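Going down the list, the sequences are from chains U and X.
First residue of the first sequence: 1, per the numbering used here; consecutive thereafter.
First residue of the second sequence: 1001, per the numbering used here; consecutive thereafter.
Calculated directly from the structure, the hints in this document are not laboratory data.
Every value quoted in this text rests on a predicted model; they were computed, and no experiment measured them.
Be careful, since some hints might not be right.
Straight-line C-alpha distance at most 30 angstroms; calculated BS3-like pairs for lysine-lysine [said to hold, decoys possible]:
#1 X:K1314 to X:K1230
#2 U:K230 to X:K1284
#3 U:K19 to X:K1019
#4 U:K284 to U:K230
#5 X:K1019 to U:K258
#6 X:K1312 to U:K19
#7 X:K1143 to U:K149
#8 U:K143 to X:K1143
#9 U:K284 to X:K1019
#10 U:K284 to U:K149
#11 U:K284 to U:K223
#12 X:K1314 to U:K19
#13 X:K1011 to U:K284
#14 X:K1149 to U:K11
#15 U:K19 to X:K1011
#16 U:K143 to X:K1149
Okay, here's what each chain looks like letter by letter:
2 protein chains.
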Amino acid sequence: MMQTYSYPTSKQLLERALKVIPSGVYGHLGPVEGSMLPPSAFPFYASRANGAYFWDVDGNRFIDYMCAYGPNILGYNDEEVERAANEQAGLGNCVTLPSIKMIEFAELLVDTVHSADWAFFAKNGGDATSFALTIARAETGRKKAIFVKRDYHGVSPWAKLIGNAGVVEEDVSHNLYVDWNDYQALENLVEQHPGEIACLMACPYSHGNYVDNELPAADYWSKVRALCTKHGIVLAIDDVRCGFRLDLAGSDHYYGFKADLICFCKALANGHNVSAICGIQELKGTAASVFYTGSYWFSSVPFAAGIATIQKLKRIDAPKLLREIGQKLTGGLVDVAKSHGFHLNISGELPLWYMRITDDDTQVLHQAWIAACVQRGVFFTNHHNHFLNTALTDEDIAFTLDVADDAFKAVKQLLPQYA
Amino acid sequence: MMQTYSYPTSKQLLERALKVIPSGVYGHLGPVEGSMLPPSAFPFYASRANGAYFWDVDGNRFIDYMCAYGPNILGYNDEEVERAANEQAGLGNCVTLPSIKMIEFAELLVDTVHSADWAFFAKNGGDATSFALTIARAETGRKKAIFVKRDYHGVSPWAKLIGNAGVVEEDVSHNLYVDWNDYQALENLVEQHPGEIACLMACPYSHGNYVDNELPAADYWSKVRALCTKHGIVLAIDDVRCGFRLDLAGSDHYYGFKADLICFCKALANGHNVSAICGIQELKGTAASVFYTGSYWFSSVPFAAGIATIQKLKRIDAPKLLREIGQKLTGGLVDVAKSHGFHLNISGELPLWYMRITDDDTQVLHQAWIAACVQRGVFFTNHHNHFLNTALTDEDIAFTLDVADDAFKAVKQLLPQYA
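Next comes chain U alone, as it looks inside the complex (with noise of 0.2 angstroms):
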């Protein structure tokens, strides 16, 4: 059996942080038990990063399939990206006014994403979609905005559910929701609301949390596009956490249909912080009636990050790379899993893959072989989609299975109903 790795300073730090920061560490990184890093088996901080790795607080090395949970693509502090962000950076960052790397962004963009005559670059995630929220308004002056079902578009008020902490119910009274892949009955919605409905709001495919991810079934894009086309309804795609993983002209372009809008984030940049929304030339106009700006959204390195990224993600044909990482690499656990008598099932797309041990309703067996992997060095996390970065090497997949197989042995003596 392999050694065990275990976190006294990470513990130590989130003692510390607890005083300062409510909750310590925020978000889905809260150190909830049962959660999506539970406290017991999880570092909480790292030191430092390189390539496909992160080092924890304690000096424990972790392959990391979570890649900052998107950011990372091309793996951590990538050469050629950080050198063109560091030039920037002595030219000068946030300035009164733009560089030309703005431009040369959106034109690289433009020329890249399929769907794009243009683009507009924020901060966030949220700012992207909340921004074409607002186009979709503007433009058609209705309210109404169809969801679906777990997706996730962002913390803004507008995308959570009433019953969250602060929201009221203006915050969501126009929206509406269906489940994923029912063309039927998002087709009823639409009828039910003539000439009300400004946008549908969509990810590519089903990537929520605590579910097996699902794909769009056959035409189910295609009928969308055309009944959004029908009734003058916006269709804008959320492809901040999907996009640049799996077609570099965008999601909808690798599902064949052609989106109004569509919204980037993390992979954009490897990790500068910059978000994007692209879209077509008949809302360009609109974009540019709506005020939207910050104080950091004209700021150069990001964008020279960006364009690094973007032209390394064309020369080595990144979704093709992920794709055959992501093979080998969930072949390979399933084939590990097989070999201890558990079912692994593998969903969702190979560059974002879902994962979920299938023979236990509880719960128990997965986090436990989560947690042994992760306190074996390969970063897992419980129940969210998992990234991979086109700096994981054979070795690295090779590391990876050795760990899993070492890991469902652990859980087998942990739980021995299973062994």
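We have chain U; now place chain X onto it with these hints.
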């Protein structure tokens, strides 16, 4: 007469940008004649920046009194800040887990900001103000919020007025507005809505665009503070613009009261991308109950830069220094104007003064003088408050006053009615 700048490269780039970016340059930087930055007299793109200066793409140098609209407080590319940022960048920036820098930055803010028992970090000033509103609603179970007319809290629909593109009635249906400095109107409003007001959100003083800025009346804030306490209203101060320029302990401290929540951005990290909300102990649990996070919110480089910024601001007593620079500069400008027979009115606080030539109700004279200053290398804007940074020298001020003098001469030639 001094030689004046021209901007052929900026104009070419703007044409190029207009093809791929809505408005070409968006927000308050947008190329609308007669507004902040009329395209006839202003450059649109910077090539580099250092200390108190930036250079445009035509090679013209400007003493920059906009400071990236606030973020530049120590001078562009401050050595101490950039050294700290670079050291952290070498270790890692946007990683799956945060670094100890996040805790250290929170501890430093709690130590520095008078009303802060805790700190929470985001990316836009609007992230902080939206979080404040959400916390107040979650804490009180009430829906309504009072805002001061002309205060700017970002680009979220709730922060706009009905009539703005894409804003719907429900976005602002719980907003109430009062005039600045009118305590009696505020008290009346509160009493008209017993038990309904979650939040009063306000800037420390009125620093709106297009009008003279206005400091708080004597006792205004102490009466407001007492009113909020009496009625269980969360008092949220938007210190995004003033923060760390008036008082390192917060602008509430500067004006002798204590906010419940205080929002920072801009000067927080000398241009590195981070915003913060700080609050009192009683609201820490509620803050923790609101799900609020984003893709880059745990990035370590802005935290390292923020720590270096606040430490240097403390060491050099930046607010005192900025006030001294502001006194020399605005005093000099007023004298130069007077020597030409004009009255230049200075309003607001000196580190972010507002100025207006009062001899012409049409703004033609004012805008012509501003344009003439810009075309001679002093970057002012027409109707926005300006900002100071600590890299400004006596020589810079002397140069500015020479330019101001020459600009008045030029204006008299251009507008003979004032000669």
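So, going through the hints one by one against the coordinates:
no.	hint	result
1	X:K1314 to X:K1230	violated, 35 angstroms
2	U:K230 to X:K1284	violated, 49 angstroms
3	U:K19 to X:K1019	violated, 50 angstroms
4	U:K284 to U:K230	holds, 20 angstroms
5	X:K1019 to U:K258	holds, 20 angstroms
6	X:K1312 to U:K19	holds, 25 angstroms
7	X:K1143 to U:K149	holds, 26 angstroms
8	U:K143 to X:K1143	holds, 21 angstroms
9	U:K284 to X:K1019	holds, 10 angstroms
10	U:K284 to U:K149	holds, 29 angstroms
11	U:K284 to U:K223	holds, 25 angstroms
12	X:K1314 to U:K19	holds, 23 angstroms
13	X:K1011 to U:K284	holds, 20 angstroms
14	X:K1149 to U:K11	violated, 47 angstroms
15	U:K19 to X:K1011	violated, 52 angstroms
16	U:K143 to X:K1149	holds, 26 angstroms
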